[in-house]
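**Student:** Turn these sequences into a full structure, and let the hints steer you where they fit.
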Amino acid sequence: RNDWRNGTHSYTNRGLMYELNHDGSGNPYSSVVDLRRDKIKNFLDVRNYPAVASLFPVQYEYLVSRGTAGLIDAIENVTGVSAQCEPSPPRDLPPKQLDANYIEWMNDHVDWRAEKMIGYYETNTNSS
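Heads up: the sequence shown runs through residues -17 to 110, numbered per the working numbering.
Incorrect hints may have been included.
Now the in silico label distances, taken between C-beta atoms and shown as ranges [as the list claims (entries may be wrong)]:
#	residue 1	residue 2	range
1	Y44	N89	17 to 25 Å
2	V28	N59	15 to 23 Å
3	N30	W94	21 to 29 Å
4	H91	V28	19 to 27 Å
Under the rule of at most 30 Å between Cα atoms (straight-line distance), these lysine-lysine pairs were calculated in the DSSO-like manner [said to hold, decoys possible]:
#	residue 1	residue 2
5	K21	K98
6	K78	K98
7	K98	K23
8	K78	K23
9	K78	K21
Calculated from the structure, these hints are not laboratory results.
Don't be surprised by glycine CBs; every beta carbon is placed ideally from N, CA and C.
**Tutor:** Below, the structure is given as structure tokens:
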């Protein structure tokens, strides 16, 4: 039998099982935003793993706009190991211009409780 539920589907040998819904059904996620929600929760749960001393969830936008020196310092402090690289300096990161319909769809469908755990918030589409 070639079935996701019993692990015999040919793609399971290629490592795609992690993209399936973790609700026990073995089915794919119905939406990429639902997959993102579970990936965020799983990522943040790493801090509870026995061998993890610290977790630094950092947004890409933060690293670009502020540089990597602060993150490198934090990692050095936790590990006691000095970095062997030069920090990237801060750079301008112009905000993306997003379509109001896209913003509205995201606001309606994204799990904002999960997003807030990593520092993202709903965007107001009102211009006033």
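**Student:** Decide, hint by hint, whether the structure agrees.
**Tutor:** To see whether the hints hold, each was checked on the structure:
1. Y44 x N89: 17 to 25 Å: holds (22 Å)
2. V28 x N59: 15 to 23 Å: Given about 19 Å between the Cβ atoms, the range holds.
3. N30 x W94: 21 to 29 Å: With a Cβ separation near 23 Å, N30 and W94 satisfy 21 to 29 Å, so the hint holds.
4. H91 x V28: 19 to 27 Å: With Cβ atoms ~26 Å apart, the hint holds.
5. K21 x K98: Distance of about 14 Å is within 30 Å: holds.
6. K78 x K98: With a Cα-Cα distance of about 20 Å, the restraint between K78 and K98 holds, given a limit of 30 Å.
7. K98 x K23: holds (11 Å)
8. K78 x K23: holds (26 Å)
9. K78 x K21: Answer holds: K78 to K21 is near 24 Å, not above 30 Å.
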